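Just so we're aligned, residue 3 is where the sequence shown starts under our numbering, counting upward by one.
Hints are all accurate, no fakes.
For each label pair, taking beta carbons as the anchor points, the in silico distance ranges come out as:
no., residue 1, residue 2, range
1, A148, N45, 33 to 39 Å
2, A109, A141, 14 to 20 Å
3, Q126, H105, 15 to 21 Å
4, P82, S139, 30 to 36 Å
5, T149, A89, 31 to 37 Å
6, P30, G130, 28 to 34 Å
7, D159, E97, 17 to 23 Å
In silico lysine to aspartate or glutamate, DMTMM-like type, Cα no more than 20 Å apart, as pairs:
no., residue 1, residue 2
8, K162, E83
9, K61, E84
10, K61, D113
11, K162, E84
12, K162, E125
13, K86, D63
14, K164, E84
15, K61, D87
16, K86, D113
17, K162, D132
18, K61, E83
19, K86, D159
Because the hints were derived from the structure by calculation, they are not lab data.
In this text, all values refer to a predicted model and were calculated from it rather than measured experimentally.
Glycine included, every Cβ here is placed at the ideal spot set by N, Cα and C.
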Amino acid sequence: MRAPYLIAVLAILAVAGCKPKAEVAAIPAPHSLTDADLAHFCNMAVTEHSGPKGQVLLKGDPMPVWFASVRDTVAYTLLPEEPKDIAAIYVTAMELMSDDQHHPPAASWIDARTAFYVVGSAEQGAMGSDELFPFGSEAAARAFAATHNGTVVRYADIPKDKVFNESDRSGAS
Numbered sequence: 003m004r005a006p007y008l009i010a011v012l013a014i015l016a017v018a019g020c021k022p023k024a025e026v027a028a029i030p031a032p033h034s035l036t037d038a039d040l041a042h043f044c045n046m047a048v049t050e051h052s053g054p055k056g057q058v059l060l061k062g063d064p065m066p067v068w069f070a071s072v073r074d075t076v077a078y079t080l081l082p083e084e085p086k087d088i089a090a091i092y093v094t095a096m097e098l099m100s101d102d103q104h105h106p107p108a109a110s111w112i113d114a115r116t117a118f119y120v121v122g123s124a125e126q127g128a129m130g131s132d133e134l135f136p137f138g139s140e141a142a143a144r145a146f147a148a149t150h151n152g153t154v155v156r157y158a159d160i161p162k163d164k165v166f167n168e169s170d171r172s173g174a175s
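Given only the sequences and the hints, what does the whole structure look like? Please build it.
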């Protein structure tokens, strides 16, 4: 009597094991930047600015939120009034950029959360502001920092004062 019961239980468990598991949502791929794409904060064409750029993809929205600088990209993710349903954050890796930094190649977009950043560099970003320079490899970030000063950090370790500090490079006080 036990054998049929045991077989029935095993059959039920086997069928239950075949039930599809809840699928993990696929991370959306980065979009290619066009001349028509506008930066979220300044509403200017992103391609009008040289240097690294960013895009944030929100869950349920097929269109990215564009940024003319990586610093603005990171700020968007930290500001309490901005959406928190982020599906992906992409930045342009400096070592993968072409000479035309206004139009980054599609292959230059990398996951912002896995990038290496040079903060506190002597180099300027969009509109002459301080910038967070992203790299896909630690070696490339360290080489940039050795040439242009700055400190190499990971996404989670970017100092908030480097994101929200409005530097004045003009020398005015």
